[in-house]
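Place chain R on chain S using the hints.
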Amino acid sequence: MDTTMKKLPAKPVDRKKQVAHWLIAIATIVIIVWSCTGINFGGIKATAGQIAGAIFSGIFHPDWSYVYNGSGEDLISQLWQTICIAFLGTFISAIISLPFAFWAAHTKHKHWYTSRIGKIVLAIIRSFPEIVLALMFIKAVGPGSAAGVLALGFHSVGMLAKLFSEAIENLEEGPNEAVIAAGGSKFHVIMFSTMPNLMPALISNTLYRFDVSIRSASILGLVGAGGIGYPLIIALQYRQWDRVGIILLGIIIMVVIIDWISGWIRKKLV
Amino acid sequence: MPEQVNQLPKRKFKVMNLVWTIIMIAGLFISINVTNTHISVLFENWNQFADIFIQMSHPDWSYLNVVWPKLIETIKMAVLGTVIGSVVAFIYSLLIARNIVKNKAVTGVLRVIMNIVRTIPDLLLGAIFVAIVGIGPVAGILALAVFTFGVVVKLFYEAIETIDPGPIEALTAVGANKLQIIHYAVMPQIITYFISYVLYAFEINVRASTVLGYIGAGGIGLNLQQTLQVFNYAQTGTIIIVIIVVVVLIDYVSSKSREALMK
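Protein chains in written order, with full-length UniProt numbering: chain S, 1 to 270; chain R, 1 to 263.
Excised from the complex, chain S in its bound form (with noise of 0.2 Å):
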């Protein structure tokens, strides 16, 4: 037998490809490497491990008399509060986003700019930091819980008129048509064919965007802006590691079932 026959043919070879890769590789490791420069790595605090066990074995031994007291200020009633802050900015950013939906939706305008412009003006909103907004909002109404709803409320949008955007965009035009070619208005059509079949996506868009909420709402406490937040801060600043400990264990399990309930919502709209 001929012993050519036992080699496999070459690997066919994309120069142009291989350059390529090759210079992105080697630009990928010069940018980690100079992120790597002027970082004092040295900085942290000798009691980092100790710090980081106190912690851990407060998440496992916590502070079970901070779980309801009926003061108002026990985890249950902040937990509670941060979903209803949730609960209320993801409400007032959903009818917000419906008419930003719509201008930046691409389907619905005369002009290519339009759409190009409210797209802008909602990457804007988006890249806008929510405790600024907080904080802007707390000057105007005051710190508590009403500041953290109010900054929820206006930052979702950006997220949120996307993803609406984004629906409106893969509506098809079939029923719009039908409801022209029946005689009817562009009320009726917004009301008879395009609400309709818009209705599951922005429903299953607003509860994806509570859950991000919930997350946001446990944040914005920090600043003073309502919720589980800032007894968190607290906890943290007098070193009360018992009470981060079951701070910390009631955040993870109320995101946890409400990532459950709205994940399961989401699929019995499919």
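Honestly, the hints are just simulated from the structure, not real lab data.
Derived pair list, reagent style DSSO-like, types lysine-lysine, alpha-carbon separation capped at 30 Å:
| # | chain 1 | residue 1 | chain 2 | residue 2 |
| --- | --- | --- | --- | --- |
| 1 | R | K14 | S | K186 |
| 2 | S | K17 | S | K7 |
| 3 | S | K267 | S | K119 |
| 4 | R | K263 | S | K16 |
| 5 | S | K186 | R | K10 |
| 6 | R | K263 | R | K154 |
From the derived model, a few chain R residues whose C-beta atoms are all more than 10 Å from chain S:
| # | residue |
| --- | --- |
| 7 | T21 |
| 8 | I91 |
| 9 | A105 |
| 10 | L155 |
| 11 | L179 |
| 12 | I182 |
| 13 | A234 |
| 14 | M262 |
| 15 | K263 |
A few chain R residues facing chain S, derived, Cβ under 8 Å:
| # | residue |
| --- | --- |
| 16 | K76 |
| 17 | I243 |
| 18 | V248 |
Computed from a prediction, not measured in an experiment: that's the story for all the values here.
Ideal placement from N, C-alpha and C gives every residue a C-beta, glycine not left out.
This is chain R only, laid out in the frame that chain S set:
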């Protein structure tokens, strides 16, 4: 022709829709009550709110010199956080993919840990790491690394579980060990997805890293906190504009490269 034909069939009345509506309205009232939100207060104090906006819209450009090095530090934090988190997530995702590790007990326990890590929000991680390692960018990098891990590990392992089992079987048949299977059968099928997910995580991290400094975890957020504390909204405006420009720019570049990758 009978007359009923001209009429549309009546819409079916769904009880569940009514129940959901009632739940929503009840939730609305309860949450307004609990959070004590009155929109009227916002309108009463609208001037104060608008005033901050007006001051912010006259940014103090001389402040850019101070912001610039902090911005670089922020991006460095985002890069390092993404890299560390993705490397750990890569190894972890191989351990929890059921088509690679057959032991259901191991994958099950590791998945529960993953799901717990995924629930903790980014700033909360930042606050905890500031308490552990002290104020500075290292706390931010660690927080971002854990956060990145939570974001990408799920995407990673789901990508691994959906690969074509053929190459794995072929390599098992010729007697390859686990590392060889991963290198020759798994990696070629998932590497583009991985890069795309890492870029996606980087986008999120840039966004997150800009506020981490607010709680002392390094980066541009520190300046945000300082200027807000002394009510210097012109300087705050400068920072916010810089943040928006950087975030939008990196989002754009990253999403374009992800599109190019998936082609």
